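Novice: Next come the chains, spelled out residue by residue.
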Amino acid sequence: MDFGRNTKKETFIPTSSMGDIAFLLLIFFMVTTIFREESGLPVELPRAEAGEEVNRELVSNIYINRQGQISIDDRLIQIRFVSDLIGQKISENPQLVVAFKTDNYTDYGVVSDVMEELKEVNAVRVFFNNDIESRPGAKY
Amino acid sequence: MPGKQKQENTVKVKQSNIATLFVQADDSVTLDGKPIVINHIMNSIQDRIYSNPKLVVLLKVHPDADYGYMVACLDELKLANATKVSLKTATK
Numbered sequence: 001m002d003f004g005r006n007t008k009k010e011t012f013i014p015t016s017s018m019g020d021i022a023f024l025l026l027i028f029f030m031v032t033t034i035f036r037e038e039s040g041l042p043v044e045l046p047r048a049e050a051g052e053e054v055n056r057e058l059v060s061n062i063y064i065n066r067q068g069q070i071s072i073d074d075r076l077i078q079i080r081f082v083s084d085l086i087g088q089k090i091s092e093n094p095q096l097v098v099a100f101k102t103d104n105y106t107d108y109g110v111v112s113d114v115m116e117e118l119k120e121v122n123a124v125r126v127f128f129n130n131d132i133e134s135r136p137g138a139k140y
Numbered sequence: 141m142p143g144k145q146k147q148e149n150t151v152k153v154k155q156s157n158i159a160t161l162f163v164q165a166d167d168s169v170t171l172d173g174k175p176i177v178i179n180h181i182m183n184s185i186q187d188r189i190y191s192n193p194k195l196v197v198l199l200k201v202h203p204d205a206d207y208g209y210m211v212a213c214l215d216e217l218k219l220a221n222a223t224k225v226s227l228k229t230a231t232k
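So the sequences go chain by chain: V and X.
Just so we're aligned, residue 1 is where the first sequence starts under our numbering, counting upward by one.
Just so we're aligned, residue 141 is where the second sequence starts under our numbering, counting upward by one.
Please note that a few of the clues may not be correct.
No more than 25 Å apart at the CA atoms, straight line, and that leaves these computed lysine-lysine pairs for PhoX-like [to be verified]: (1) X:K228 with V:K101; (2) V:K119 with X:K218; (3) X:K228 with V:K119; (4) X:K174 with V:K119; (5) V:K119 with X:K152; (6) X:K228 with X:K194; (7) X:K224 with V:K119; (8) X:K174 with X:K200; (9) X:K218 with V:K101; (10) X:K218 with X:K200; (11) X:K152 with X:K228; (12) X:K228 with X:K218; (13) X:K174 with X:K154; (14) X:K152 with X:K224; (15) X:K224 with X:K200; (16) X:K200 with V:K101; (17) X:K194 with X:K224; (18) X:K224 with V:K101; (19) X:K194 with X:K218; (20) X:K174 with X:K228; (21) V:K101 with V:K89; (22) X:K154 with X:K228; (23) V:K119 with V:K101; (24) X:K224 with X:K154; (25) X:K200 with X:K228.
Simulated restraints on C-beta separations [stated by the list, open to error]: (26) V:R80 with X:S226: 35 to 41 Å; (27) X:K228 with V:T32: 49 to 55 Å; (28) V:E52 with X:S191: 40 to 46 Å; (29) V:G68 with X:P175: 55 to 61 Å.
What the hints contain is simulated information worked out from the structure, not anything from laboratory work.
This one's a predicted model, so the numbers in the text were calculated from it and none came from an experiment.
The beta-carbon is built from N, C-alpha and C at its ideal position, and this holds for glycine as well.
Use the sequences and the hints to build the structure in full.
Specialist: So this is what it looks like as structure tokens:
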């Protein structure tokens, strides 16, 4: 007679709660994910009454601060590289609109030099960003 | 680079159809040589466009003038429905 004990045990991983865990993880990542936004340079935009909304997907921002520093895509760049960078963007997206986010007190000469660079690569769709004001030129 | 071609479209305009708005280095503004307050540009340009619909406004800005004044002038022109605007940088 065989008196040997049957020691074979079935092992298994409980999978019934797997779906709950997957959903919890999914919700956790959805809630905690932050999309990176362009921070640019700190500028005080001029105030104006007339203005138009632009489709943001087509816009490339050029930040120019009071000291005349220029930033595109969160990178400080020198004025002579503006045409190359924007030219590259225009070849990727011919509908590109360039938006100037320039400080109220920046010398116009810097803005003018940047516009000259843009003209070199036919970036002629240009916007000047401003804050909305109820009465234009009130502080002047 | 493919986009690196200069656009050279020049349009000649009669002197009588041009109104020159000039933002000077000290941020003062003149319209055809006469001093003007920024808040009065809209009315003044509206009157000029009414009497001459072909009017082109030449906005000339000194490189040392504040950018904010250029935007303020552009804003007034937009409020005056001046659709023909040319932007020029004055020489130092």
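Novice: X:K218 and X:K200 were given as a pair; does the straight-line alpha-carbon distance stay at or below 25 Å?
Specialist: holds, 16 Å
Novice: Given the proposed pairing of X:K154 with X:K228, does the C-alpha separation stay at or below 25 Å?
Specialist: Roughly 17 Å separates the two Cα atoms, so the pair holds.
Novice: Mind checking the alpha carbons of X:K228 and V:K119 for me, to see if they're no more than 25 Å apart?
Specialist: holds, 13 Å
Novice: Would the hint linking X:K174 and X:K228 be met if the CA-CA limit is 25 Å?
Specialist: holds, 18 Å
Novice: So if I understand the rule, the pair passes when the alpha-carbon distance is 25 Å or less; does X:K228 with V:K101 pass?
Specialist: holds, 19 Å
Novice: Would the hint linking X:K152 and X:K228 be met if the CA-CA limit is 25 Å?
Specialist: Roughly 15 Å separates the two Cα atoms, so the pair holds.
Novice: For a C-alpha distance cap of 25 Å, please report whether X:K228 and X:K218 respect it.
Specialist: holds, 17 Å
Novice: X:K224 and V:K119: Cα distance at most 25 Å?
Specialist: Judged against 25 Å, a Cα distance of about 19 Å means the pair holds.
Novice: Holds or violated: X:K200 with X:K228, Cα cutoff 25 Å?
Specialist: Roughly 5 Å separates the two Cα atoms, so the pair holds.
Novice: Do the alpha carbons of X:K224 and X:K200 lie within 25 Å of each other, as the hint requires?
Specialist: holds, 14 Å
Novice: Just to be careful, I want the Cα atoms of X:K228 and X:K194 compared with a cutoff of 25 Å; is the pair within it?
Specialist: holds, 19 Å
Novice: Check the hint pairing X:K200 with V:K101 against an upper bound of 25 Å on the C-alpha distance.
Specialist: holds, 20 Å
The structure shown violates the earlier hints numbered 4, 26, 28 and 29.
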